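Undergrad: The lines below spell out each chain.
Protein chains: 2
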Amino acid sequence: MNQERVRATYLVETPYSLERAAATIAGEQSTGTFTSVPGETDELKAKYGAIVEHIEQLAEVDIPSLPGAKPPAGHDGKYRQGRVTVSFPLHNFGPSIPNLLAAVAGNLYELQELSGLRLLDLDLPQSFTTRYPGPKFGIAGTRKLTGVYDRPILGTIIKPSIGLSTEQLSELVKKLALAGMDFIKDDELNANPPCAPLEQKVKAVMEAVERAADATGKKLMYAFNITGDIDELRRNHDLVVKSGGTCVMVSILSVGLSGLAYLNQYSEVPIHGHRNQWGMLTRSPLLGIEFTAYQKLCRLAGADHLHVNGFNSKFYESNESVLRSIQACTSPLLGGYHSMPVISSMQWAGTAPVTYEATRSVDVMHLAGGGMLAHPDGPAAGFESMKLGWEAAVQGFSLDSYAKQHPPLQRAIEKYGRG
Amino acid sequence: MNQERVRATYLVETPYSLERAAATIAGEQSTGTFTSVPGETDELKAKYGAIVEHIEQLAEVDIPSLPGAKPPAGHDGKYRQGRVTVSFPLHNFGPSIPNLLAAVAGNLYELQELSGLRLLDLDLPQSFTTRYPGPKFGIAGTRKLTGVYDRPILGTIIKPSIGLSTEQLSELVKKLALAGMDFIKDDELNANPPCAPLEQKVKAVMEAVERAADATGKKLMYAFNITGDIDELRRNHDLVVKSGGTCVMVSILSVGLSGLAYLNQYSEVPIHGHRNQWGMLTRSPLLGIEFTAYQKLCRLAGADHLHVNGFNSKFYESNESVLRSIQACTSPLLGGYHSMPVISSMQWAGTAPVTYEATRSVDVMHLAGGGMLAHPDGPAAGFESMKLGWEAAVQGFSLDSYAKQHPPLQRAIEKYGRG
Chain A
1 MNQERVRATY
11 LVETPYSLER
21 AAATIAGEQS
31 TGTFTSVPGE
41 TDELKAKYGA
51 IVEHIEQLAE
61 VDIPSLPGAK
71 PPAGHDGKYR
81 QGRVTVSFPL
91 HNFGPSIPNL
101 LAAVAGNLYE
111 LQELSGLRLL
121 DLDLPQSFTT
131 RYPGPKFGIA
141 GTRKLTGVYD
151 RPILGTIIKP
161 SIGLSTEQLS
171 ELVKKLALAG
181 MDFIKDDELN
191 ANPPCAPLEQ
201 KVKAVMEAVE
211 RAADATGKKL
221 MYAFNITGDI
231 DELRRNHDLV
241 VKSGGTCVMV
251 SILSVGLSGL
261 AYLNQYSEVP
271 IHGHRNQWGM
281 LTRSPLLGIE
291 FTAYQKLCRL
301 AGADHLHVNG
311 FNSKFYESNE
321 SVLRSIQACT
331 SPLLGGYHSM
341 PVISSMQWAG
351 TAPVTYEATR
361 SVDVMHLAGG
371 GMLAHPDGPA
381 AGFESMKLGW
391 EAAVQGFSLD
401 SYAKQHPPLQ
411 RAIEKYGRG
Chain B
1 MNQERVRATY
11 LVETPYSLER
21 AAATIAGEQS
31 TGTFTSVPGE
41 TDELKAKYGA
51 IVEHIEQLAE
61 VDIPSLPGAK
71 PPAGHDGKYR
81 QGRVTVSFPL
91 HNFGPSIPNL
101 LAAVAGNLYE
111 LQELSGLRLL
121 DLDLPQSFTT
131 RYPGPKFGIA
141 GTRKLTGVYD
151 RPILGTIIKP
161 SIGLSTEQLS
171 ELVKKLALAG
181 MDFIKDDELN
191 ANPPCAPLEQ
201 KVKAVMEAVE
211 RAADATGKKL
221 MYAFNITGDI
231 DELRRNHDLV
241 VKSGGTCVMV
251 SILSVGLSGL
261 AYLNQYSEVP
271 IHGHRNQWGM
281 LTRSPLLGIE
291 FTAYQKLCRL
301 AGADHLHVNG
311 FNSKFYESNE
321 SVLRSIQACT
331 SPLLGGYHSM
341 PVISSMQWAG
351 TAPVTYEATR
361 SVDVMHLAGG
371 GMLAHPDGPA
381 AGFESMKLGW
391 EAAVQGFSLD
401 SYAKQHPPLQ
411 RAIEKYGRG
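First to last, the protein sequences are chains A and B. In this text, residue positions in the first sequence follow the numbering used here: the first is 1, and each later residue adds one. In this text, residue positions in the second sequence follow the numbering used here: the first is 1, and each later residue adds one.
Treat the hints as calculated values from the structure; they're not laboratory data. Owing to the predicted nature of the structure, the values given are computational and were not obtained by experimental measurement. Be careful, since some hints might not be right.
The list that follows gives simulated cross-link-like pairs (lysine to any residue, SDA-like), each with its CA atoms no further than 25 Å apart [what the hints assert, rightly or not]:
id, chain 1, residue 1, chain 2, residue 2
1, B, Lys-144, B, Thr-216
2, A, Lys-45, A, Ile-55
3, B, Lys-314, A, Glu-60
4, A, Lys-78, B, Ser-318
5, B, Lys-78, B, Pro-64
6, A, Lys-175, B, Thr-41
7, A, Lys-203, B, Pro-38
8, A, Lys-70, B, Glu-357
9, B, Lys-174, B, Gly-147
10, A, Lys-47, B, Pro-197
11, A, Lys-78, B, Pro-285
12, A, Lys-144, A, Ala-179
13, B, Lys-175, B, Ala-204
14, B, Lys-47, A, Gln-200
15, B, Lys-203, A, Gly-39
16, A, Lys-45, B, Pro-376
17, B, Lys-70, A, Pro-64
18, B, Lys-70, A, Leu-323
19, A, Lys-78, A, Val-52
20, A, Lys-314, B, Ile-55
21, A, Lys-78, B, Ser-313
22, B, Lys-314, A, Val-52
23, B, Lys-314, A, Arg-20
24, A, Lys-218, A, Ala-204
25, B, Lys-175, A, Pro-38
26, B, Lys-136, B, His-338
27, A, Lys-219, A, Ala-179
28, B, Lys-314, A, Val-61
29, B, Lys-70, A, Pro-353
30, A, Lys-175, A, Arg-151
31, A, Lys-78, A, His-54
32, B, Lys-47, A, Ala-204
33, A, Lys-78, B, Val-61
34, A, Lys-242, A, Gln-265
35, B, Lys-387, B, Ser-313
36, A, Lys-70, A, Leu-11
37, A, Lys-47, B, Glu-171
38, B, Lys-175, B, Arg-411
39, B, Lys-136, A, Glu-232
40, B, Lys-219, B, Ala-179
Only chain A is shown next, with the shape it has when bound in the complex (with noise of 0.2 Å):
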C-alpha cells in the first residue's frame, strides 16, 4: 500500500482546545464520524487516519471570526487561534485533485467546533506528477512564443468589456498589434457572447494580428476568453488553433480545476488562468483557502499564465499578499510547474518601479487595460509607457526623472499619477 501522504496546515479558531479541534478535523475527514460505528478498529484507523502533525499556538480572541461555533460546557469565551498540519494517507483518495479537494476541504468549514478555518497550504506527494503533467509553456514557452525576453511582457485587456463591434475590436487590436504590444487579453466578462461569438471575434482579431505580424515581424499573442461548458472548451480551443491562435484564456472558477486540467489534456497553446471569483474563498481572514495553496493546484491542472492582482489596484488585496502570489507561483513545486504571475487591476507604467521593487523580477506579464488604453496620445503610447516605466524600474531611475526624456511616460504620469 502506498505510504505517500499529503500534509495541509490550516489556520484554525476554536472555542476548544488546538488539540481537540486538530483531532476532530482529522477524525472528520478520514474515518470518523460523530459517533463510533462497528469496523473502525484501531488497526484501520492507523492504515487510514488523518494524523495531526503539529500544532502551533497563535492568538486568543474573545469574539469568533464566524458564526455557528457552539462552545464547550464551561466555556472560558476564548477563541484559540493556531496553525495545525494534519496529514492524510495518498491511498485515501489517490493522486486526483476533486477527490483532494473532499479530504482537505470537505465538511471542515462546517463543523461547529471551528469558528474560523483556512487551508494555508499543501504539501503534495510526487504522484500528483503522473496525473497531471502540468502547464506546457510556463514562462519559458511564453517568451519563446511572444519574442521577448528581457522585460516582463506587457498588454492590455480589451475595454469596454463588451460591446465592441467586430470591425472596432479588429481595428483596435491592429493597432496595438503594430505599435509592437506584446500580449492582449480578453476581459473575463467577454467569451463567447451571444451579441460577439467567439468564431467571429476569433476571425476578425487573428486577421488584424497577422497582418500587423507580416508589417512588423512580431506576432501579437491574443488571449481568447475560451471559458465555457466542458463540451465548449475543446471546441472553442481547437477554433483559435485553427485560426493561428497562440493562447487560451479560462476563468479557472467558472470551469473549474477539473475543466482546467481537462483543457489542460488537449491544449497546443499557452493556458492563461483568469482567477476572477477568487475573491469570494480568500477574503475573509478565517475561511476559505490561502492563494499559496490554491495556486499550486492550478499549476497542476496547467495554468501556464496565473493572475494574481496587482500592485496598488483596485482590489481589496494588500501589495505583501500580491507579493506573496508572485512569489508562490514561481517556487518550486513537484520538481518544476512553473507558472507566469499575471499583474493586472489598475495597473499602469507608474505600478513598475513598485512591482519591480517588491518582487526584483521581470518574469511576470503586467497587464493595464484602461491604463494602457486610455493613454492621452492613445494605446501604442500606452504600451510605450509601459516598456518605459519598466526600464527606469529595472535601471533604477525614479519614475518622474525617466519622464523627462521620455514623452509618453510623462503623458501618463499626468493622466494616471494624479490619483
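Dock chain B against the given chain A, drawing on the hints supplied.
TA: Frame of chain A, contents of chain B only:
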C-alpha cells in the same frame, strides 16, 4: 438582439453610499473599468451596461465585515449595508453558467469599495432551459426507482468512510439491503481511491444489492461516488450503469458546476449532488453566496438530489437556514428543475420530528450514517428506527410515546437521544 436580463440580488456593505457601491458593481461587471476608455459610448452603455434595479437600505455598522475596504476621504466611519439588485443583459454572456458566474460574481468580491458582498439570489431568464435540461429524475424519478412513495427516502452513508475491505462493504450492504433499506451512499471521502478501486467496489456492492433484491423484491439505490477528473466521470458513470447501479454521486464543488452539467449530458441514472466544501463559500455572512442562489445553478446543471445539511446537525448552520435550503430546492425554477433535498449530518430517528415539523413534507431524502449503523441492535434496527421516527412525526405522536410500543425507536433514543 436578445432583451432578456439576469437579475442578481446582493447583500452589500460599503463605506460609500449604497448608490455609489451599486453603480460600481454595475459598471465593473459590464462596460466599465477604473478609468473611461475610448469607445465606452452612451449607446454602448445603454445596450450592454448593467442596471441598478433596486436598493434597499439595511443597517449601518461601525466595523467593516471584511478587511481591505478603502473608505473615501472624509468618511464618517459608517459602513452601510443594503440589498442591491442589478440586472445584466443576457446577450453579454448568454445562457452559460460559467460565463454567468464571471458576470454576477467575477471580481466583485475583491473591490475595495465594498467591505462585504454576498450573492443572495439570481433571477434567470428562460433561455437557460435551452442549454441546461436539468435533472432527469428529481423527486418523482427517484421515488419510482426506489419504490418508496409515501414517506422520505431513508438511507445511510457507508461508515467508516474509508478503510472497509470489499468483503466487509459487500456484507454490510447486503445486510442493509435485506433489511429493506431504500438508499445508501458512499462517503464523499471515498470515491475511487487506490485502496478500494471503484471497479471492485461497484462489483461487490451491486452483487450484494442484486442478491438482496432477489430475496426482498426491492432494489436498494446505491449512490456510487464517481467524483474525479472530467474523463473519469464518464468512465465511472458507465461502469456503474453497466453493473446495474441506479445512482451516481459527485461532489459538486470538486467537479464544478461545469463538470456536473457535463455528466448530466449523458447520465442515465439520478445524480446525487454532494455539496462538501460549500461552507467556504457561505459561512462568512457578508461574503460568498447564499444557498438560495447556488442551488438554482446546481439544479440547472442537473443535480437530482442535493445535500442541504440537517436539523440539529454537527454543522454550524441554523435550522432556519436548513429549512430555507430545503424549500429552495423544491421551489419553482423556470418551470421545473426540482431536486430532492438530502438531509444529513448527525441524523437519527429523533431528528425526523423536528424536520417534519419545519418542512411539513416527506419529499426529502433523510440520511443517517452513524445514526443508523451504530444502532445498538444493528443497522437493520437503525433503519427501522428511522421509519418509526417518521411515522411518529407524520402521525403527530411524540417520539417518546411512540417509542413505548416500538423497541427499535426506544433503543435509538437510548443511544442517540441522551447527548
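Undergrad: All hints, please: hold or fail.
TA: Status of each hint after checking the structure:
At roughly 17 Å between alpha-carbon atoms, Lys-144/B and Thr-216/B fall within 25 Å of each other, so this suggested pair holds. Restraint check: the Cα-Cα separation between Lys-45/A and Ile-55/A comes to about 20 Å, which is no more than 25 Å; the hinted pair holds. Annotation: proposed proximity of Lys-314/B to Glu-60/A holds, straight-line Cα distance about 24 Å (limit 25 Å). At most 25 Å may separate the alpha-carbon atoms for a hinted pair to count; Lys-78/A and Ser-318/B meet this at roughly 22 Å.
Under the criterion of a C-alpha separation no larger than 25 Å, the hint pairing Lys-78/B with Pro-64/B is consistent with the structure, at around 8 Å. For a cut-off of 25 Å, the pair hint linking Lys-175/A to Thr-41/B stands: about 20 Å separates their Cα positions. Distance check on the hinted pair: Lys-203/A and Pro-38/B sit about 23 Å apart at the alpha-carbon level, within 25 Å; holds. Restraint check for Lys-70/A and Glu-357/B: satisfied, since their Cα atoms lie roughly 24 Å apart, inside the 25 Å limit.
A distance of roughly 18 Å separates the Cα atoms of Lys-174/B and Gly-147/B; the hinted pair therefore holds under the 25 Å criterion. Taking the CA atoms of Lys-47/A and Pro-197/B, the gap is about 16 Å. The hint holds against a cut of 25 Å. At most 25 Å may separate the alpha-carbon atoms for a hinted pair to count; Lys-78/A and Pro-285/B meet this at roughly 21 Å. Distance hint between Lys-144/A and Ala-179/A is fulfilled; the C-alpha atoms sit about 19 Å from each other, no more than 25 Å.
For a cut-off of 25 Å, the pair hint linking Lys-175/B to Ala-204/B stands: about 13 Å separates their Cα positions. Note on Lys-47/B and Gln-200/A: the hinted pairing holds, with a Cα-Cα distance of about 20 Å set against a maximum of 25 Å. Restraint check for Lys-203/B and Gly-39/A: satisfied, since their Cα atoms lie roughly 21 Å apart, inside the 25 Å limit. For the hint pairing Lys-45/A with Pro-376/B, the CA-to-CA distance comes to about 22 Å; that is within 25 Å, so the pair holds.
Distance hint between Lys-70/B and Pro-64/A is fulfilled; the C-alpha atoms sit about 24 Å from each other, no more than 25 Å. Annotation: proposed proximity of Lys-70/B to Leu-323/A holds, straight-line Cα distance about 20 Å (limit 25 Å). For the hint pairing Lys-78/A with Val-52/A, the CA-to-CA distance comes to about 22 Å; that is within 25 Å, so the pair holds. Between Lys-314/A and Ile-55/B the alpha-carbon distance is near 23 Å, which keeps this suggested pair within the 25 Å criterion.
This hinted pair checks out: Lys-78/A and Ser-313/B have alpha carbons roughly 23 Å apart, not beyond 25 Å. With a C-alpha separation of about 21 Å, the suggested pairing of Lys-314/B with Val-52/A holds against the 25 Å cut-off. The straight-line distance between the Cα atoms of Lys-314/B and Arg-20/A is roughly 15 Å, inside the 25 Å bound, and the hint therefore holds. Between the alpha carbons of Lys-218/A and Ala-204/A the distance comes to roughly 18 Å, so the proposed pair stays at or under 25 Å and holds.
Of the pairs offered as hints, the one joining Lys-175/B and Pro-38/A holds, with about 14 Å between alpha carbons and a cut-off of 25 Å not exceeded. Straight-line distance between C-alpha atoms of Lys-136/B and His-338/B comes to about 10 Å, which keeps the hinted pair within the 25 Å bound. A distance of roughly 11 Å separates the Cα atoms of Lys-219/A and Ala-179/A; the hinted pair therefore holds under the 25 Å criterion. Annotation: proposed proximity of Lys-314/B to Val-61/A holds, straight-line Cα distance about 23 Å (limit 25 Å).
This hinted pair checks out: Lys-70/B and Pro-353/A have alpha carbons roughly 23 Å apart, not beyond 25 Å. With a C-alpha separation of about 22 Å, the suggested pair Lys-175/A and Arg-151/A falls inside the 25 Å cut-off, and the hint holds. Using a Cα cut-off of 25 Å, the hinted pair Lys-78/A and His-54/A holds, with the two alpha carbons roughly 21 Å apart. Between Lys-47/B and Ala-204/A, the direct Cα distance comes to roughly 22 Å. Compliance with the 25 Å bound is thereby established for this hinted pair.
Distance hint between Lys-78/A and Val-61/B is fulfilled; the C-alpha atoms sit about 24 Å from each other, no more than 25 Å. For the suggested pair Lys-242/A and Gln-265/A, the alpha carbons sit about 17 Å apart, so the restraint of at most 25 Å is met. Annotation: proposed proximity of Lys-387/B to Ser-313/B holds, straight-line Cα distance about 19 Å (limit 25 Å). The hinted pair formed by Lys-70/A and Leu-11/A meets the criterion: a straight-line CA distance of about 18 Å does not exceed 25 Å.
This hinted pair checks out: Lys-47/A and Glu-171/B have alpha carbons roughly 21 Å apart, not beyond 25 Å. Annotation: proposed proximity of Lys-175/B to Arg-411/B holds, straight-line Cα distance about 19 Å (limit 25 Å). Restraint check for Lys-136/B and Glu-232/A: satisfied, since their Cα atoms lie roughly 22 Å apart, inside the 25 Å limit. For the given pair, Lys-219/B sits about 11 Å from Ala-179/B by alpha-carbon distance, which is consistent with the 25 Å threshold.
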